[in-house]
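*Asks:* Please build the complex by placing chain A with the ligands on the supplied structure of chain D, with the hints as guidance.
Spelled out, the chains give:
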Amino acid sequence: MTDSAATTTAPASAPTIKPKVSSEDWIMRAVLVGIALYLIVSILLPLYAILSKSFKDVDGAFVGVANYAKFFSTPALFWSIQNSLTVTLICCVIVVPVAFLYAYALTRTCMPFKGFFKGVALIPILMPSLLPAIALVYLFGNQGLIKSWLFGYEIYGPIGIVMGESFYVFPHVLTILLISMANSDARLYEASTALGASRIKTFFTVTLPSVRYGLVSAFFVCFTLVITDFGVPKVVGGKYNVLATDIYKQVIGRQDFEMGAVVSMVLLLPAVLAFAADRVVQRKQVALLSARAVPFQPQRNPATDGLMFAFCGVVGFILISILGVAAFASFAKFWPYDLSLVLNHYNFDLMDGGGWDSYFNSIELAAWTAVIGTALVFTGAYLVEKSNGFLAGRAGLQLLCMVPMAVPGLVLGLAYVFFFNAPGNPLGFLYHTMPILVICTVTHFYTVAHLTAVTALKQMDAEFEAVSASLKVPFYRTFFRITVPVCLPAILDISMYLFVNAMTTVSAVVFLYSPDTSLASVAILNMDDAGDIAPAAAMGMMIVITAAAVRLLHAILTRGILARTQAWRKR
Amino acid sequence: MDGTGGGAYLRIRHLTKKFGDFVALRDVSLDVHEGEFVCFLGPSGCGKTTLLRAIAGLDIQTVGTIHQAGVDISSLPPSERDFGIVFQSYALFPNLTVARNVGYGLESQKMARAEIDKRVSELLGLVDLDDQRDKYPAQLSGGQQQRVALARALATSPGLLLLDEPLSALDAKVRVHLRQEIKQLQEKIGVTTIMVTHDQEEALAMADRIVVMNQGFIEQISTPNDVYAKPVSPFVAEFIGTTNFIDGVMTADGRISAAGVTIEAGGDNTAFTAGDKVTICVRPEDVLVTETADGRNGSFEVTVSDVEFLGSFHRCHVTPTRGNGTGFMADLSANHARNLRLEEGRTLNVLLPPAFVRVYASGETE
Ligand SMILES: Nc1ncnc2c1ncn2[C@@H]1O[C@H](COP(=O)(O)OP(=O)(O)OP(=O)(O)O)[C@@H](O)[C@H]1O
Ligand SMILES: [Mg+2]
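Chains as they are written, first to last, in the numbering used here: chain D, 34 to 604; chain A, 2 to 367.
In short, the hints are calculated from the structure, not lab data.
Honestly, I wouldn't trust all of these hints.
[What the hints assert, rightly or not] Quick list of the computed label-pair ranges, beta carbon to beta carbon: (1) A:D131 to D:I594: 27 to 37 Å; (2) A:F23 to D:I589: 29 to 39 Å; (3) D:Q332 to A:E345: 51 to 61 Å; (4) D:G422 to A:T274: 45 to 55 Å; (5) D:P48 to A:F23: 33 to 43 Å; (6) D:K51 to A:D254: 49 to 59 Å; (7) D:A63 to A:D22: 31 to 41 Å; (8) A:F23 to D:T107: 53 to 63 Å.
Note that the Cβ used here is the ideal one computed from N, Cα and C, for glycine as well.
The shape of chain D in the complex, shown without the other chains (with noise of 0.2 Å):
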């Protein structure tokens, strides 16, 4: 600038200007670190707890690494860090495969019945990971129907783990491929296509690379949730141990509590180290996405097409047959003797393991979970989104809400026993009550909802607060009136989560419910310890009907609201 264009020049020191932070600042400041408070009470205190307990004797005296290196010179204990990975690194590579032919073919084909077959895949959300063991079972156990088809091999073990966790894991890594084909674009296979290239040779040089990363991603959340899953392997493991029945077995059988908190502790690494590694690949996958990409459309192909109709034709087929053995074998009279149907295995109150009010504690628990656990989430995501200044805060209730998706349900379940349980402890009295499992749920799922929650709140304009900030409107005000309808369709997506989740959970709740509070999930475990398999699977039943029904609600309710707000959500 030339000098004579200058006016005053600044005073050499001028004070840095203080932003005022109003009293609606504080408030949101103040509801904020309630819910990070909420966090660090219900994820990291808890991890603190089993963290120390693994370095502790059963007097709670410190011991260093003594418990560690028993585990690591018990054969028994160690092996099971090998049967984890073995079966887990064989579910991945039967699953991906599989996932992302089905998710190419729900979005690069023209097959028939997509919406059928979108809908099959989802069938193992709505079951615990117990009931899908439970048909393996009736399917080729002792006396299963097509025992015959393992030629001599026995389903209890790595067989029957892979088939039972490769089904329960199915829907989970469509959905992310389906995610990452969706998002892909469309001038690619264009400019592919006009540059003469083939089907094939598109598929290799358009298809994989551009969801390379959904791949990546698919593949560690396959290995997060196989080698955190408890219920297959309880069911079907037999004496095949893995990292997952091994705290079971120490912590409920052998009551060695400090070795329980070891091996969550080895079991809490790979879990981490998977969800530090996808955090990674999403954030490419997100850098990678341009705005204006344009949706693919796919071209008719007659031979694709049915090849990809019979394939999926195939793994729809599995999916509804282990529903379907589950659902028959909860009616049989006497597998495999007299199949004549009857409600018998209904009839809970007759067996161990709660009753039918286990079934209505988890009603409960879910209806508990589903509503606080909304609306901590949403406030949650929609403070660390949309508040003024506090960016240390903000980002900090941004990564204690990424936690709990690191931690298996088992370690948290675990956790919770060593922190709440522990005397002193002035939160001692919520052990064994109905709301120290609501709050292990909440914090259990917490992560995938709050994820949904900011997806919403970032697609709403940013400028909103603003706005009404110019207006003298309090922000509460805004947040319920225009926040909370805007994103009204995600607040249904995460209670329908929270509430499916919460109905067919089984790990983390394994180790906190009470007599009282015996939970349907948890009953199915018991009755099939007990050797009442049909009524386990019974009760598997009325879990996936209830969250079916749920999920049929939650699709009504929908679009119901999408049909009424029709006017101001097109565009």
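*Replies:* Here is chain A with the ligands on its own, set in the frame of chain D:
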């Protein structure tokens, strides 16, 4: 404080805004008077929005003060300032009808329902949208949405209206129309208004004063006429309208030797001494082109090297016949071009009127 406009409605002093290490605003000082319409004009990324957001309190400056109506608002949050704002995206609430959008700020003011309705109708009348009151924003055209946003911002009768590129999302025709409408509305209500734009035409047409910004600095604050006719720097001359830049050297008699000819410049050029390297600017439409010298002082002969037809006028590129090969542009009306039988290769006579020739120290051009 320092003499400049003691009665300014908005007084901005030494504003600096840093994003980490990046300095988005550098020592910006500015006065806006009551009822004035001021445009912030500048290329993308020059800090216009940053300055506007600082005024609104949305991104408070790192250093510097802002007074509005005599009150120090430097550190106040947006909710404690007095302004209405229209964003480029309009940020209309999608789930509220037009009427409820406009009345949104009134509802929390403990106003009676009937009173709100009355005020909303009044505002909708003002922006000509009475018949759209029960529609949702998604059902409106871009221009209508823009006017709803404007009505909403004005509903609470703010003392200051802030507009961030309010017209840039609209197509050219609508833009020109709305430009006038906004200007008329502003004059009618008399609200002090600051508008951000990177469209010079918009700024020239609407503003009482233009603030030309470049890389976080204010280059010039002047009326549209002065910004155009008396740009204080080559940047401003270049950014607004079209300008010839010709490098030259100051001679002993105060004239400039450039493009191989000697050119006389008006204005006060005593800051330069003989031998200084300078750049002279002259707008193509100010270049006088005639068939022969006609005995005019300071004119010289040029050869036409290129003619562009630009609708209402012709732009020809000319090179002094006895020069060093450097050329420049001259604009001729269609009529004038016909009379001169303008065509490539033709020899004509050119005069750069001293009053329109501006001299800058060399090296100021980017
Ligand atoms: N939140 C931020 N963090 C870091 N840098 C920022 C931020 N906001 C703006 N900037 C930078 O400050 C500079 C000025 O930005 P600003 O948005 O004010 O530009 P502008 O003049 O409004 O441009 P445009 O015409 O493109 O809107 C840009 O270089 C921009 O990258
Ligand atoms: Mg801008």
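*Asks:* If a hint holds in the structure, say so; if it does not, say that too.
*Replies:* Hint check results:
no.	hint	verdict
1	A:D131 to D:I594: 27 to 37 Å	holds (30 Å)
2	A:F23 to D:I589: 29 to 39 Å	violated (51 Å)
3	D:Q332 to A:E345: 51 to 61 Å	holds (53 Å)
4	D:G422 to A:T274: 45 to 55 Å	holds (53 Å)
5	D:P48 to A:F23: 33 to 43 Å	violated (21 Å)
6	D:K51 to A:D254: 49 to 59 Å	holds (58 Å)
7	D:A63 to A:D22: 31 to 41 Å	holds (32 Å)
8	A:F23 to D:T107: 53 to 63 Å	holds (57 Å)
Taken one by one, the earlier hints fail for this structure at numbers 2 and 5, listed in ascending order.
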